[in-house]
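Asks: Listed below are the residues making up each chain.
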Amino acid sequence: MDATTLPPLSSASVGAVLARSGGELARCHDSLWAAVWRQPHLPAPILELCRRRLAQLHGATHELAASPAAPVGTTPDDDLPAGARAALEFAEVYGQDPQAITDELAAAVKAQFGDAGLVALIEALGVIDGRIRLALMLGALLPGEGAHG
Amino acid sequence: MADGLRAGTPEHPTGHVIRDSSLGLVPETLPAILDLQGAIWHHASVGPAIMEMLRLRNARTVNCVFCKSVRYDIARADGLTEEKVSQIDDGYATSRLSEREKLVLAFADLYLHTPDRVDPALAEKLRHEFTTEEIAHMAIGLTTFHALSRCAVSLGGMPESLPVMEQSVPV
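Protein chains in written order, with the working numbering: chain W, 1 to 149; chain Y, 1 to 171.
Hints were generated in silico from the structure; no laboratory data involved.
Quick reminder that beta carbons are idealized off the backbone N, C-alpha and C, glycines included.
The reader is advised that the hints may include incorrect statements.
Selected chain Y positions facing chain W (in silico; Cβ < 10 Å) [to be verified]:
| id | residue |
| --- | --- |
| 1 | S86 |
| 2 | Q87 |
| 3 | D89 |
| 4 | L155 |
Quick list of the computed label-pair ranges, beta carbon to beta carbon [to be verified]:
| id | chain 1 | residue 1 | chain 2 | residue 2 | range |
| --- | --- | --- | --- | --- | --- |
| 5 | Y | K125 | W | P40 | 40 to 46 Å |
| 6 | W | A82 | Y | R127 | 46 to 52 Å |
| 7 | Y | R76 | W | A111 | 23 to 29 Å |
Pulled out of the complex, with its shape left as it was, chain W reads as follows (with noise of 0.2 Å):
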């Protein structure tokens, strides 16, 4: 691999990728980045297992295989814990299209978690929906490490 050309990026390595170019601005997006998943509301291994889901959905193979940003146990999705099936059945469908979002999976949500729960899950979503994004797309635009433009 040259210079010019990145390996395949996840969510987690396209932080460093814009701290290269993005100055300021990728220091306060990363500081958000962090911010999501330390929050208090909302358990950072309910957080990774919308993040996997929101990978399958983008099918970013290379998200799916990068290292879990929080610990995950193995259970199987039909004996998760309720909250925990709460989030990605949220996750779901914010993943495909937030219009489509019920009342009734917002009180799901909020009826394990709190409004602050639910507000937290969304704020993370959207972090983390944007960060696989634009992992898929700027391996593409910007150039890798060493290269200079």
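Fit chain Y to the known structure of chain W by using the hints.
Replies: This is chain Y only, laid out in the frame that chain W set:
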């Protein structure tokens, strides 16, 4: 809670449009959101008019009524007219917008519709027209607008329409 809004708002209003919205329920992410907004509008190398074109192309694609109605004063001051805004529709490729502006909208459509399928010819045009810093800044601006507009849609309570409203960027 406002009619149709799926989450509440902070108990003690501050007079700040974002802090007093449902986003204020998660104070752990709010400073990062506000800092990012500020950086996008005040420090992006492409300037506010280009950023506003990205924001409005996204708003029309996501169909966020709030986002579609807003015009940031900083972008108008940078030269974005309503005549140009009216051309940010699906016919932009044959509009009177400049080639640079058309590439900005093509960049938005790539992110919004087919991020996994980058047309090599489009990639070449983008790399020729924009510096790597400009591409990185457009990417960060667009992904932020996309996340926030989908956030507004997901939280519900969206009116069917709103008039165009000029606003300053929340600080």
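Asks: If a hint holds in the structure, say so; if it does not, say that too.
Replies: A quick look at each hint next to the structure:
1. Below 10 Å, beta-carbon pairs count as interface contacts, and S86 (chain Y) has none with chain W, the closest being about 24 Å; its hint is therefore violated.
2. For the restraint placing Q87 (chain Y) at the interface with chain W, the shortest Cβ-Cβ distance is roughly 24 Å, beyond the 10 Å limit, so the hint is violated.
3. Because the smallest distance between the Cβ of D89 (chain Y) and any Cβ of chain W comes to about 19 Å, over 10 Å, the interface hint for this residue is violated.
4. Given hint, L155 (chain Y) at the interface with chain W, holds; its Cβ is 7 Å from that chain's nearest Cβ, closer than 10 Å.
5. A C-beta distance of roughly 45 Å is found between K125 (chain Y) and P40 (chain W), which places it inside the suggested range of 40 to 46 Å.
6. For the hinted restraint 46 to 52 Å between A82 (chain W) and R127 (chain Y), the CB-CB distance of approximately 48 Å keeps it satisfied.
7. Separation of R76 (chain Y) from A111 (chain W) is about 44 Å and departs from the stated range, judged on CB atoms against 23 to 29 Å.
Going through the hint list in order, the structure does not satisfy hints 1, 2, 3 and 7.
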